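S.K.: One line per chain: the protein sequences are A and B, in this order. Just so you know, the first sequence maps onto residues 408 to 582 in my numbering. Just so you know, the second sequence maps onto residues 408 to 582 in my numbering.
Misleading hints may appear alongside valid ones.
The list treats identical chains as interchangeable, and a pair is accepted whether it falls inside one copy or across any two copies.
Subject to a maximum C-alpha distance of 27 Å in a straight line, what follows is the list of computed DSS-like cross-link-like pairs (lysine-lysine) [claimed, not checked]: (1) Lys486 with Lys475; (2) Lys410 with Lys475; (3) Lys490 with Lys410; (4) Lys485 with Lys507; (5) Lys535 with Lys444; (6) Lys490 with Lys535; (7) Lys535 with Lys507; (8) Lys485 with Lys444.
If you are wondering where the hints come from, they were derived from the structure by calculation, not from laboratory data. This structure is a prediction, so every number in the text was calculated from the model and none was measured.
There are 2 protein chains.
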Amino acid sequence: MMKQRLAIDMDDVLADTASRFVEYYQTRTGNELSWEKLRESSQVQLPDGTFTTLHDWVFEEGFFRGIKVMPDAQEIMKKLHEKYEIFIVSAAMEFPYSMKEKLEWMQEHFPFIDWRFIVFCGHKYMIKADYLIDDHERNLSTFEGTPLLFTAQHNLHIQDFTRVNNWQEVAEMLL
Amino acid sequence: MMKQRLAIDMDDVLADTASRFVEYYQTRTGNELSWEKLRESSQVQLPDGTFTTLHDWVFEEGFFRGIKVMPDAQEIMKKLHEKYEIFIVSAAMEFPYSMKEKLEWMQEHFPFIDWRFIVFCGHKYMIKADYLIDDHERNLSTFEGTPLLFTAQHNLHIQDFTRVNNWQEVAEMLL
Chain A
408 MMKQRLAIDM
418 DDVLADTASR
428 FVEYYQTRTG
438 NELSWEKLRE
448 SSQVQLPDGT
458 FTTLHDWVFE
468 EGFFRGIKVM
478 PDAQEIMKKL
488 HEKYEIFIVS
498 AAMEFPYSMK
508 EKLEWMQEHF
518 PFIDWRFIVF
528 CGHKYMIKAD
538 YLIDDHERNL
548 STFEGTPLLF
558 TAQHNLHIQD
568 FTRVNNWQEV
578 AEMLL
Chain B
408 MMKQRLAIDM
418 DDVLADTASR
428 FVEYYQTRTG
438 NELSWEKLRE
448 SSQVQLPDGT
458 FTTLHDWVFE
468 EGFFRGIKVM
478 PDAQEIMKKL
488 HEKYEIFIVS
498 AAMEFPYSMK
508 EKLEWMQEHF
518 PFIDWRFIVF
528 CGHKYMIKAD
538 YLIDDHERNL
548 STFEGTPLLF
558 TAQHNLHIQD
568 FTRVNNWQEV
578 AEMLL
């Protein structure tokens, strides 16, 4: 029997991108700020008085390469990989450094995913799969298979999709 | 009415990758060699006596960035872009420098293609589209829409697909 196909997003699903912003904030300013508050700040004042934005950080070399893996993602992905055909589907084109870094990141943390199953794209609606695990409504609402909303601060208000709050819940649903 | 979706490969379809190898050969050795002969050489001897391979060149920074656009591709892509939804679908993951270079290349030569419609991948069979224009049998044979084989030296023997020999023939078929 053909394996079912899972399409899985990277940022804020496999990768704890939100925490990377919090970490950058702490390193750059010497202060702590929750992601909830940080993500709503349009600007960040640095100790030298100049301002930066979260958007600037994403364009910096090294931002993506150093992101932590989401808790339990490695172990559960290994099990999912035995049962499903997995494609990693990540919006990477917007940030020039991110592609090479994201590929290296995948090779380090998820070496059992062959590069042929990694997709960098903008839109995701042309991907044919049975499930898409993603934190963005715009990707899930145009997906033709079963969408699963991976919980993130920015999507707490969304009620249109089956929600998975963490990788343990992904395992419960799909394993 | 929804536009039909075209998926279009880069190397040896939009981009004249074969000529880039011939150009590298000429620059590096000072000699000329047809692509037909060059592609069959497992090694190339350099003037200093050392050997290199075509595969080494692909891994060099700048290889992809400097590839010439295939004749008529720009003009015909502009017209196709009015009539179809176009996704560029390129195998880029294998070569670490290629992704940023291919993206810049697209922005230079095909600025009317928004980055959201560019896909870097390995396998292509999970792409849902009405047509795929590609030079590789392995991509066409697993594609679920209508496959169109773009002629290249390496696929002259293949008879299983509708063939387009150049961009003028793409125009005749799809415009």
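S.K.: Would you mind marking each hint as holding or not holding in the structure?
M.R.: Cross-check of the supplied hints:
Only within a single protomer do Lys486 and Lys475 lie at most 27 Å apart by alpha-carbon distance; the minimum there is 20 Å, versus 44 Å between protomers. Taking CA atoms no more than 27 Å apart as the test, Lys410 paired with Lys475 passes in neither setting, with 29 Å inside one copy and 40 Å between copies. Proximity of Lys490 to Lys410 under the C-alpha cut-off of 27 Å is restricted to the intra-copy arrangement: shortest distance 7 Å within a copy versus 36 Å between copies. In the homo-oligomer, the alpha carbons of Lys485 and Lys507 lie at most 27 Å apart inside one protomer (23 Å), although the nearest pairing across protomers, at 29 Å, exceeds that limit.
Proximity of Lys535 to Lys444 under the C-alpha cut-off of 27 Å is found in neither arrangement, the shortest distances being 36 Å within a copy and 39 Å between copies. In this assembly of identical chains, the alpha carbons of Lys490 and Lys535 lie at most 27 Å apart whether taken from the same copy (18 Å) or from different copies (23 Å). In this homomeric assembly, Lys535 and Lys507 come within 27 Å of each other (Cα to Cα) both inside a single copy, at 24 Å, and across copies, at 25 Å. Taking the closest pair of Cα atoms, Lys485 and Lys444 never come within 27 Å of each other, the shortest separation being 34 Å inside a single copy and 44 Å across copies.
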